[in-house]
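Participant: Please build the complete structure, drawing on both the sequences and the hints.
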Amino acid sequence: MKRFVHVLLLFGIWLLLTWSLHWQDLLAGVIIALIADLILGDIYPVNAIKVLNPVRFFWFVVYGVTFLGYVVKANFDVAYRVLNINMPIRPGIVKVRTTLKTDMARTFLANSITLTPGTLSVDFVGDHLYIHWINITSDDAVKETEIIVQRFEHMLERVFE
Amino acid sequence: MNEIIGLTLLIIGISFDVIGCIGLVRLPDIYNRLQAATKCVTLGTCMILLSVVFYTGLNSIGMKALLCIWFVLITSPTGAHAIARAAHRSGIRLWEGSVMDKYADDREGAEDIT
Chain A
1 MKRFVHVLLL
11 FGIWLLLTWS
21 LHWQDLLAGV
31 IIALIADLIL
41 GDIYPVNAIK
51 VLNPVRFFWF
61 VVYGVTFLGY
71 VVKANFDVAY
81 RVLNINMPIR
91 PGIVKVRTTL
101 KTDMARTFLA
111 NSITLTPGTL
121 SVDFVGDHLY
131 IHWINITSDD
141 AVKETEIIVQ
151 RFEHMLERVF
161 E
Chain B
162 MNEIIGLTLL
172 IIGISFDVIG
182 CIGLVRLPDI
192 YNRLQAATKC
202 VTLGTCMILL
212 SVVFYTGLNS
222 IGMKALLCIW
232 FVLITSPTGA
242 HAIARAAHRS
252 GIRLWEGSVM
262 DKYADDREGA
272 EDIT
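These protein sequence lines are chains A and B, in that order.
According to the numbering used here, the first sequence is numbered sequentially starting from 1.
According to the numbering used here, the second sequence is numbered sequentially starting from 162.
A hint or two may mislead.
Claimed, not checked - Dumping the calculated SDA-like pairs for lysine to any residue here, alpha-carbon to alpha-carbon at most 25 angstroms:
1) B:263 x A:99
2) B:225 x A:8
3) B:225 x A:143
4) A:73 x B:183
5) B:263 x A:107
6) A:73 x B:167
7) B:225 x A:24
8) A:95 x B:265
9) B:263 x A:87
10) A:73 x A:62
11) A:95 x A:55
12) B:263 x A:90
13) A:95 x A:158
14) A:101 x A:24
15) B:225 x B:185
16) A:101 x A:62
17) A:101 x A:27
18) B:225 x A:26
19) A:2 x A:53
20) A:73 x B:219
21) A:73 x A:60
22) B:225 x B:171
23) B:225 x A:40
24) B:225 x B:163
25) B:225 x A:31
26) A:101 x A:25
27) B:225 x A:161
28) B:225 x A:25
29) A:101 x B:234
30) A:143 x B:256
31) B:225 x A:9
32) B:225 x A:87
33) A:2 x A:151
34) A:73 x B:243
35) B:225 x A:101
36) A:95 x A:161
37) A:2 x A:43
38) A:73 x B:166
39) B:225 x A:39
40) A:73 x B:185
Treat the hints as calculated values from the structure; they're not laboratory data.
Since the structure is predicted, the reported quantities are computational estimates derived from the model, not experimental observations.
Facilitator: Right under this line is the structure:
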């Protein structure tokens, strides 16, 4: 069952990529989807199918919109810091704790943090995330966690956990 | 109409890419540079690809551009993470003006990294 879903998903991407319904393209797509699943099926996340649940899907859309808003904000933030003569940066690596448990949610959290204003995730060790922060505003570890992680944590918890 | 939207997106995207490149030159160390490179270049590239969608419409080319936006959004932060981690592990220090480095403090066997 799991394998079948993978092949279907890969075949869907193939259809979008070729944008053609000629039988040769379809045959090549099926063969390539099978080969790709055979090679990479093991590293594919087990519970990705859970996102198709409507409640989770709704939160995924909410997450996506919030995320895009933060990406735009991050760009103006970087533009401001780069184009300013004085370069107002105060960088450092901070350590924050996350409550997310599944790999998928953690991947999304780390990637979201990288694309949001002033932060770049460097490493994940256990429950702790090391984040390079371009403009550290507080020296308090609890407050840092609140500022950085909790923008997305509650949404990702509803989507993936 | 679609051409006007496409052109506007193209101009905004290229401006963000240029800002990212200026950041790459101006900022002091690899971690700060990665910040500029990932954020600006991701959004800039996505907007250029989106302008392609507006120019061509939803045919085979536009669909490829949309898929590329998704792939860029996933791979760009992952790549930045890999580069930052590798740089830190091979002992590249933070800029002198940096405030703290909890990662170096916590890593075992981390020699003389301040």
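Participant: If you check each hint against the structure, which ones fail?
Facilitator: 3, 11, 14, 15, 17, 20, 26, 27, 32, 33, 35
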